[in-house]
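Asks: Residue numbers (numbering that gives the first Met the number 0), protein chains in the order written: chain A, 0 to 136; chain B, 0 to 135.
Since the hints were made in silico from the structure, they are not lab data.
Heads up, some of the hints might be wrong.
To be verified - Now the stretches of chain B that chain A is said to cover, found in silico as 3 or more residues with beta-carbon under 8 Å:
id : segment
1  : 12-19
2  : 25-39
3  : 49-55
4  : 89-103
5  : 123-133
Glycine residues also receive a C-beta, built at the ideal position from the N, C-alpha and C atoms.
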Amino acid sequence: MRSIFTALLAGLLFGSGLVISGMTNPENILAFLDVTGNWNPALALVMASAIVVTLPAFTWVRRRQHNLVGDPVTLSNRRPLDKDLIFGAIIFGVGWGLSGLCPAPSLIAGLGGNAHILVFVLTMTIGLWLSTRFKNS
Amino acid sequence: MSLQQFAPQVLGGALIGLGAAVLLLFNGQIAGISGIYGRLIRADFGARHWRLAFLIGLLIPATYLLLQHTTPIKTVSVGILALAGLLVGLGTGISNGCTSGHGVCGIANLSPRSLIATLLFMASAIVTVFVIRHVI
Numbered sequence: 000m001r002s003i004f005t006a007l008l009a010g011l012l013f014g015s016g017l018v019i020s021g022m023t024n025p026e027n028i029l030a031f032l033d034v035t036g037n038w039n040p041a042l043a044l045v046m047a048s049a050i051v052v053t054l055p056a057f058t059w060v061r062r063r064q065h066n067l068v069g070d071p072v073t074l075s076n077r078r079p080l081d082k083d084l085i086f087g088a089i090i091f092g093v094g095w096g097l098s099g100l101c102p103a104p105s106l107i108a109g110l111g112g113n114a115h116i117l118v119f120v121l122t123m124t125i126g127l128w129l130s131t132r133f134k135n136s
Numbered sequence: 000m001s002l003q004q005f006a007p008q009v010l011g012g013a014l015i016g017l018g019a020a021v022l023l024l025f026n027g028q029i030a031g032i033s034g035i036y037g038r039l040i041r042a043d044f045g046a047r048h049w050r051l052a053f054l055i056g057l058l059i060p061a062t063y064l065l066l067q068h069t070t071p072i073k074t075v076s077v078g079i080l081a082l083a084g085l086l087v088g089l090g091t092g093i094s095n096g097c098t099s100g101h102g103v104c105g106i107a108n109l110s111p112r113s114l115i116a117t118l119l120f121m122a123s124a125i126v127t128v129f130v131i132r133h134v135i
């Protein structure tokens, strides 16, 4: 029961952060990605600020191999690179650049009343479902 | 330019980081949205009710957007949105992560793999926007 509550709280914090930072507006994302146009670098601060807060939590859990409530957690950061990672990341970037949408913001903006973005959510869901067939390793 | 101007980005980013930290510190899970959503839609339930709870929490702030009555954004056509969604789903599924999983959690975990994934999807997104806005 506790894990359900903490997951709900984590999702609520995460989603609020996405809305407040402007990540749910694809126009902001496209302005950030348009480095040779009218570039808006502000969104880099969103990722930087998120990492600054998350870094100590990850360091703590990785070193102790358990979480705050004592459950064992194996966190590794030494997994090798593979073709799937490289290929998948490049494909994701093309879709992100075409639309200004990545998974979490699209779910929020779609449910937040933007019917166009629901089309994106639908095909993203199909893509996620299909992706298991494309994996080699 | 003032510090106040960037307050939404800094505060929003800190809340995103706090959400990821809470999920790790109490549930031992990574806040990677493509993974959480992807596994949920594969009906991979079992003891995975936390994924549904996380997504419900994530989507609650959407009500704010509904109440604001923001005009529907139509930056790109529906056809392009459909193609983009397919590529995002396939790409994040194949590389096991998106902006949250690789970009925030992976980098915070000091994972070279996630850093490379993040640099790659940023670079390919920048190239895509450049081609669409300045070449075609």
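Asks: Taking 8 Å as the C-beta cutoff, is the stated coverage of the segment 123-133 of chain B by chain A satisfied by three or more residues?
Replies: holds (count 10)
Asks: Please check whether the segment 12-19 of chain B has three or more residues whose CB lies within less than 8 Å of a CB on chain A.
Replies: holds (count 8)
Asks: Given that the segment 49-55 of chain B was listed as covered by chain A, double-check it with a C-beta distance under 8 Å for 3 or more residues.
Replies: With 6 residues closer than 8 Å to chain A, the segment 49-55 of chain B meets the three-residue bar; holds.
Asks: Can you tell me if the segment 89-103 of chain B counts as covered by chain A, using C-beta to C-beta distances under 8 Å and a minimum of three residues?
Replies: It holds: at least three residues are needed, and the segment 89-103 of chain B offers 13 whose Cβ sits within less than 8 Å of chain A.
Asks: Holds or violated: the segment 25-39 of chain B covered by chain A, criterion of 3 or more residues with Cβ-Cβ distance under 8 Å?
Replies: holds (count 9)
Going through the hint list in order, the structure satisfies each hint without exception.
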